Amino acid sequence: MELSVIEEAAEGGCSSSGCGSTDDQMTHLPDNIREKVQNHPCYSEEAHHYFARMHVAVAPACNIQCHYCNRKYDCANESRPGVVSELLSPEQAVKKVKAVAANIPQMTVLGIAGPGDPLANPERTFDTFRMLSEQTPDIKLCVSTNGLALPDAVEELSKHNIDHVTITINTLDPEIGAKIYPWIYWNGRRIRGVKGAKILIEQQQKGLEMLTAKGILVKVNSVMIPGVNEDHLKEVSRVVKAKGAFLHNVMPLIAEAEHGTFYGVMGQRSPEDSELQALQDECSGDMNMMRHCRQCRADAVGLLGEDRGEEFTLDKIEEMEIDYEAAMEKRAVIHEGIIESLNEKHAQKAAAAETTLVTPDKTYRPVLMAVATSGGGLINQHFGHATEFLVYEASANGVRFIGHRKVDQYCIGNDTCGEKESALAGSIRSLKGCEAVLCSKIGFEPWGLLEEAGIQPNGEYAMEPIEEAVLGVYNEMIEAGLLDEKSDDSQMISA
Amino acid sequence: MAVEIVDACVNCFACIDVCPSSAIDEGKSHMLVNAKKCTECEGDFADPQCASICPIETAILDSSGLAINPPGSLTGIPPEKMNAAIMEIKAR
Chain S
5 MELSVIEEAA
15 EGGCSSSGCG
25 STDDQMTHLP
35 DNIREKVQNH
45 PCYSEEAHHY
55 FARMHVAVAP
65 ACNIQCHYCN
75 RKYDCANESR
85 PGVVSELLSP
95 EQAVKKVKAV
105 AANIPQMTVL
115 GIAGPGDPLA
125 NPERTFDTFR
135 MLSEQTPDIK
145 LCVSTNGLAL
155 PDAVEELSKH
165 NIDHVTITIN
175 TLDPEIGAKI
185 YPWIYWNGRR
195 IRGVKGAKIL
205 IEQQQKGLEM
215 LTAKGILVKV
225 NSVMIPGVNE
235 DHLKEVSRVV
245 KAKGAFLHNV
255 MPLIAEAEHG
265 TFYGVMGQRS
275 PEDSELQALQ
285 DECSGDMNMM
295 RHCRQCRADA
305 VGLLGEDRGE
315 EFTLDKIEEM
325 EIDYEAAMEK
335 RAVIHEGIIE
345 SLNEKHAQKA
355 AAAETTLVTP
365 DKTYRPVLMA
375 VATSGGGLIN
385 QHFGHATEFL
395 VYEASANGVR
405 FIGHRKVDQY
415 CIGNDTCGEK
425 ESALAGSIRS
435 LKGCEAVLCS
445 KIGFEPWGLL
455 EEAGIQPNGE
465 YAMEPIEEAV
475 LGVYNEMIEA
485 GLLDEKSDDS
495 QMISA
Chain U
3 MAVEIVDACV
13 NCFACIDVCP
23 SSAIDEGKSH
33 MLVNAKKCTE
43 CEGDFADPQC
53 ASICPIETAI
63 LDSSGLAINP
73 PGSLTGIPPE
83 KMNAAIMEIK
93 AR
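Protein sequence lines, in the order shown, are assigned to chains S and U. In short: position in the first sequence from 1, add 4, done, that's the numbering used here. In short: position in the second sequence from 1, add 2, done, that's the numbering used here.
Rather than coming from a laboratory, the hints here were simulated on the basis of the structure. Fair warning: this is a prediction, and the values are worked out from it, not measured in the lab. From the three backbone atoms N, C-alpha and C, an ideal C-beta is built for every residue, glycine too. Among these hints, one or two may not hold up.
Said to hold, decoys possible - Just so you have them, the derived chain S footprint on chain U, three or more residues with Cβ under 8 Å:
(1) 8-22
(2) 25-39
(3) 47-59
Isolated chain S, as found in the complex (with noise of 0.2 Å):
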């Protein structure tokens, strides 16, 4: 049974209260650079609420083992870097790339990543890019490396106007390098531990600094595992910063023994959400910190958090017929109206911080928050069909977002769902430390079993901006009184 919690909009827009978000990540960039990303659904938060990515698998070669990753890649049922279905030829590539964006008009950005590393398969990786930028002018270029023969690259790279790169940089010290790293391969050997940790860092730390020398953006990616490097990432985000990277994400260690990688299978534990968080906090001290990343497959197509891989498989698309011409004109006039009700909501924001700049007589605790959301920047998902919540964090200086939580799906709308009391009881897991999830609507089920686990459930939100309705509820929270007592913080770290 679905009880239906609300009609359409009640109210829009940000009437009362100014819903400045604090994480504007991309204010502070220069002009030049928020005009590479506000399209970019990896490199602007925003951005990922409209704008969608793919990947194609035309790189399954690598020149250096990391611990959580096992080249034994091939899975359909897996979501997590390094993993695909079907390896492509660069040909059948250029292929997949026009047939997706045509039919997914807001893919914006095409990367290659993997399942190896893009720069140790040189000539499948630059011939894909050489064919795309001739075919596909209107699409963005990105690539991702682990960095080692990255400054062989930088030449060849620029050539091909690709102006995004994302180095995975886990640390700089050989000896904590030697932990995650076994091996390299380098000049016709494969050298172990520490010897062939430096030399990767050494690459690493060298390609990063001719990639800014040349203007190009560089992100970089480090991988949090906890006992190994949690705290040395905040000295990797001050001195990747002070090298020119424009953005850093720390992304959680993904190590189960099924996996079968050296971490899953020797017990190397993931860290939690809120040990992830804190790191995240205190790097962006320092550094603009990436946190919407998905951590997706080398083969992901479709906005961040979803897949659309399945719908366009080598065998689809061999029988698609494209006219990348008409598909230009068609995604340029849909590209321009998302920039522009961008730039519309933009100017709203700013007005309503203007006239609203009201300071509260008292400073209420923060409070996290999770939303159903399938794109749009909208609370326009049902709780059951949701298998992934961002999370965002309501206070007295606004709304920013904190990251997404993973879910198993347990309604997919029949009776095939078997274990649905289990997969319920999972979702409503990974919302730890959330005291609200708004969604388009919920059924009657899982919101007595939220309620009991401390978490509000709020349908009233329905079809209304995120941002808005965070802020919404915690003002509803500060009127209800729940924000008064100091019991409230018992709550929080029970819920």
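Starting from the known structure of chain S, arrange chain U on it as the hints suggest.
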């Protein structure tokens, strides 16, 4: 004298790219070494290049049929630990 690639191979192409003798081709289910062309890199490199970059243990055998990268040598996972993990997952 030649190395052999067997079905543990995951087709990552790394060996093809580094082979100095162009002795490796894409086979039906895994990479294949042309024994006539393979020199085990003698004279070119200290170690066979395919086996120096290959990420998969037991995928490449030397001319006497032994795995150049035996279990545990590349991932660092002790084989008994790996076996225990596999048993545990199967028992679930």
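For each hint, the structure was consulted:
Judged by the Cβ-Cβ criterion of 8 Å, the stretch 8-22 of chain U is covered by chain S as claimed, because 7 of its residues qualify and three suffice. Closer than 8 Å: that is the beta-carbon criterion, and the stretch 25-39 of chain U has 0 residues meeting it against chain S, so the requirement of 3 is violated. Check on the stretch 47-59 of chain U: 8 of its residues sit with their Cβ under 8 Å from a Cβ of chain S, so the three-residue criterion for coverage holds.
Consistency note: the structure conflicts with earlier hint 2 alone.
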